Amino acid sequence: MSALDELRRLRHGGPARKRDNKAAFWFLAPWFLGLAVITVGPVLASFGLGFTKYNLIQPPRFIGLDNFARILTDERLHNALRVTLTYVLVSVPLQLAFALGVAMLLDRGMRGLAFYRSAFYLPSLLGSSVAIAVLWTQIFGADGLVNRVLALFGVQGKGWISDPDTALSTLIVLNVWTFGAPMIIFLAGLRQIPAMYYEAAAIDGVGRWSRFRHITFPLLSPIVFFNLVLQIIHAFQSFTQAFVVSGGTGGPSDSTMFYTLYLYQQGFSRFDMGYASALAWFLLLIIAAFTFVNFWAAKYWVFYDD
Amino acid sequence: MPIRTKSRATRAVLLLLTATLLVACSGGAGAGQELSKDPVTLRFTWWGADDRHKRTQQVIEQFQRKHPNITVRGEFKEWNGYWDSLATTMAANDSPDIIQMDELYLSSYAERGALLDLNEAGKHLSTEGFDAKALATGAIQGKQYGLPIGLSAYSFVVNTDMLAQHGVPLPDDTKWTWADLRAAGEQVSKATGGKAWGVQSWGFNDGGGLTIWARQAGAALFDDKGNVVIPPKVLTGYWAYLLDMARTGIAPPPPVTVEKASAGLPQSATATRTAAFGAWWNTQLTALSAASGAKLKLLRLPGEAGLKAPAAYYKPSMFWSVSARSKHPAEAAAFVNFLANDEEAAKVLLTERGVPANQRIRAVITDKLTETDRAAAEYLDKLPVSDPPRITPNGASTLDAILKRHTENVLFGRATPEQTATAFITELQSEVDAAR
Numbered sequence: 046m047s048a049l050d051e052l053r054r055l056r057h058g059g060p061a062r063k064r065d066n067k068a069a070f071w072f073l074a075p076w077f078l079g080l081a082v083i084t085v086g087p088v089l090a091s092f093g094l095g096f097t098k099y100n101l102i103q104p105p106r107f108i109g110l111d112n113f114a115r116i117l118t119d120e121r122l123h124n125a126l127r128v129t130l131t132y133v134l135v136s137v138p139l140q141l142a143f144a145l146g147v148a149m150l151l152d153r154g155m156r157g158l159a160f161y162r163s164a165f166y167l168p169s170l171l172g173s174s175v176a177i178a179v180l181w182t183q184i185f186g187a188d189g190l191v192n193r194v195l196a197l198f199g200v201q202g203k204g205w206i207s208d209p210d211t212a213l214s215t216l217i218v219l220n221v222w223t224f225g226a227p228m229i230i231f232l233a234g235l236r237q238i239p240a241m242y243y244e245a246a247a248i249d250g251v252g253r254w255s256r257f258r259h260i261t262f263p264l265l266s267p268i269v270f271f272n273l274v275l276q277i278i279h280a281f282q283s284f285t286q287a288f289v290v291s292g293g294t295g296g297p298s299d300s301t302m303f304y305t306l307y308l309y310q311q312g313f314s315r316f317d318m319g320y321a322s323a324l325a326w327f328l329l330l331i332i333a334a335f336t337f338v339n340f341w342a343a344k345y346w347v348f349y350d351d
Numbered sequence: 263m264p265i266r267t268k269s270r271a272t273r274a275v276l277l278l279l280t281a282t283l284l285v286a287c288s289g290g291a292g293a294g295q296e297l298s299k300d301p302v303t304l305r306f307t308w309w310g311a312d313d314r315h316k317r318t319q320q321v322i323e324q325f326q327r328k329h330p331n332i333t334v335r336g337e338f339k340e341w342n343g344y345w346d347s348l349a350t351t352m353a354a355n356d357s358p359d360i361i362q363m364d365e366l367y368l369s370s371y372a373e374r375g376a377l378l379d380l381n382e383a384g385k386h387l388s389t390e391g392f393d394a395k396a397l398a399t400g401a402i403q404g405k406q407y408g409l410p411i412g413l414s415a416y417s418f419v420v421n422t423d424m425l426a427q428h429g430v431p432l433p434d435d436t437k438w439t440w441a442d443l444r445a446a447g448e449q450v451s452k453a454t455g456g457k458a459w460g461v462q463s464w465g466f467n468d469g470g471g472l473t474i475w476a477r478q479a480g481a482a483l484f485d486d487k488g489n490v491v492i493p494p495k496v497l498t499g500y501w502a503y504l505l506d507m508a509r510t511g512i513a514p515p516p517p518v519t520v521e522k523a524s525a526g527l528p529q530s531a532t533a534t535r536t537a538a539f540g541a542w543w544n545t546q547l548t549a550l551s552a553a554s555g556a557k558l559k560l561l562r563l564p565g566e567a568g569l570k571a572p573a574a575y576y577k578p579s580m581f582w583s584v585s586a587r588s589k590h591p592a593e594a595a596a597f598v599n600f601l602a603n604d605e606e607a608a609k610v611l612l613t614e615r616g617v618p619a620n621q622r623i624r625a626v627i628t629d630k631l632t633e634t635d636r637a638a639a640e641y642l643d644k645l646p647v648s649d650p651p652r653i654t655p656n657g658a659s660t661l662d663a664i665l666k667r668h669t670e671n672v673l674f675g676r677a678t679p680e681q682t683a684t685a686f687i688t689e690l691q692s693e694v695d696a697a698r
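Here the protein sequences line up with chains A and B, keeping their order. Per my numbering, the first sequence starts with residue 46, numbered consecutively. Per my numbering, the second sequence starts with residue 263, numbered consecutively.
The hints are simulated quantities; they were obtained by calculation from the structure and are not laboratory data. Just so it is clear, the structure is predicted and the values come from calculations on it, not from any experiment. Where hints are given, some of them may not hold.
To be verified - Simulated pairs of lysine-lysine, DSBU-like, Cα-Cα distance not exceeding 30 Å: (1) Lys452/B x Lys203/A; (2) Lys559/B x Lys437/B; (3) Lys98/A x Lys487/B.
Unchecked claim - Covered, in the sense of this in silico footprint (three residues per stretch, anywhere, with C-beta under 8 Å from a C-beta of chain A), are these stretches of chain B: (4) 345-354; (5) 362-375.
Positions of the beta carbon are idealized from the N, C-alpha and C atoms, including for glycine.
Let the sequences and hints guide you as you build the complete structure.
The following block contains the structure:
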């Protein structure tokens, strides 16, 4: 039976199939309930709050578009946007390049492959955790690992995290280091490329770079695209790393002030939940715009091998 | 057998229902001045470290023995997480009954209507042992939103071992000036050859130091209405002084300063013996002595001599507040009364939350104090002080964070002290305005 037939059978299943569906809906009901109460409800509420002044205790007061107007003039927000964009535009391509490179290395049969795969994937599981962010402050601190290694070469390091010129870079390194998730997806993608293409290329005496450029990358491009979209969205929403590394301040000098961290501070330190809600919806717009551009640009470089 | 089990279960359910009803009733009509005879559960929240948790838990048990129908449930956190969680529980109308409150947030919570006027609970809460000046620090327009727990005052902590080691004489703190501090710091920095510094930079931890700097210049940070009135010139001087110390190597390089400031007390330059002088609250002497293992001494701030009135003041270390939405205000007040006035409780709490603001209680515990606690208490007793500054206005709760960021801008050369002074005033004033 072809896949198409299978699909038809699923769509127009007999009574048994329908009964199965019903049971499935009942089993899914708690999840739907959770979605409605814990996700959809607050999302709608935050849309409403975006048009109010709400200090968390007194009832919200309607102020129209004031919060959105403030977005245009808030200089600290503009700085937070700059910081976040830099982070997204630098760390995502680096992370994906790293993930692809390591995936290609691991794709070939080598000893202890399973071990390496797990080892490289591990940081992804821990990457946005508080523990790793704390570890990061140890590594990049004035007496940290990086400076001790530098000292071996007679280089005097500095407090990388506490200098506004380098603080963001340490967070970018942290994000690149958590390349495991896209790497696993790349690995799966590499497995789908038929070996005969490479055999044909080998017979023609094509070099390694050409093989990558003309076989691997085009055939992998849907996977690259998928990872790109996912990681950009993910990077825009980064919060924990900056929160822990800067002690919740986004400092020094607002140099690690991610958009989400700024949003959080507006809501929970300044008690301005109305503005925080407006910021959340503005972030949604930004991410939607980036995703739209991504899909538009995909026409020119993503190659589907049907 | 099955029947008995069932009846027992039924009885349990009935009992539970009755209890719930009783609690519900006492929450409604009985929420006045009378103490309830029925079971009452109070929630009590504070921030702090392990030692405080143990002592507080002990006091809760003492209280429960005297009031068998009242259960007090403690909820404690670290400083940062504390304010986040308080903000969310308040928003969810699920705030704890008794709240350990800080000066920075008192006005912000009180003016949003979240705190109870303790005068209304006067029947169960006595403030007799408290000086009127101390009580005033927790009052806004005649309403007592916070009862001060302990008192503290700003000071310079000096490592006398370090001074002796490098042959630097101990400054006379009844006369010294900011220039004297700079000179002594420079001597230490030079003598250590870059291994340690003379002065730990400040402007990171709180607005207390800035407030005193302003008062020494005859100014104030906020006026009575809560507007920002510190003259730009005074602020410029403040940052110029800090910048000069960092550039000349008297204070550590800015990244080191920032790192140490965010790492907390045990990693500070004073605690790690990497700076001879540091600005601290006097009550931190015990913790600093324990962390550094060095001989530390409290000095009065430079620049106090020759002023018309001292700039120094008593700052309440923290307050007890009761939620305005507490279902058991009478019981909550009785518990605060126990914390503030009971001698047995005081003997457990000692100076863990500062030198007690209650003078009668202070006398009770004096002979129980350790050497460093006694030094902190003596410093407080002998320090010439003026009236406290205006309470931090609603909207300025982020004062410390704003100050820290602007100090970083200056130290990292991202703005001049002059530019920073104007920017700081504009920003702080707009925060106060936004909260109105």
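Status of the hints after comparison with the structure:
1. A hinted pair counts as satisfied when its Cα atoms are at most 30 Å apart, and lysine 452/B with lysine 203/A qualifies at roughly 21 Å.
2. Distance hint between lysine 559/B and lysine 437/B is fulfilled; the C-alpha atoms sit about 16 Å from each other, no more than 30 Å.
3. Under the criterion of a C-alpha separation no larger than 30 Å, the hint pairing lysine 98/A with lysine 487/B is consistent with the structure, at around 22 Å.
4. Given a C-beta distance limit of less than 8 Å, the hint that chain A covers the segment 345-354 of chain B holds, as 6 residues qualify and 3 suffice.
5. Interface restraint, the segment 362-375 of chain B with chain A: holds (4 residues with C-beta to C-beta distance below 8 Å; minimum three).
When the structure is compared with the earlier hints, no violation turns up for any of them.
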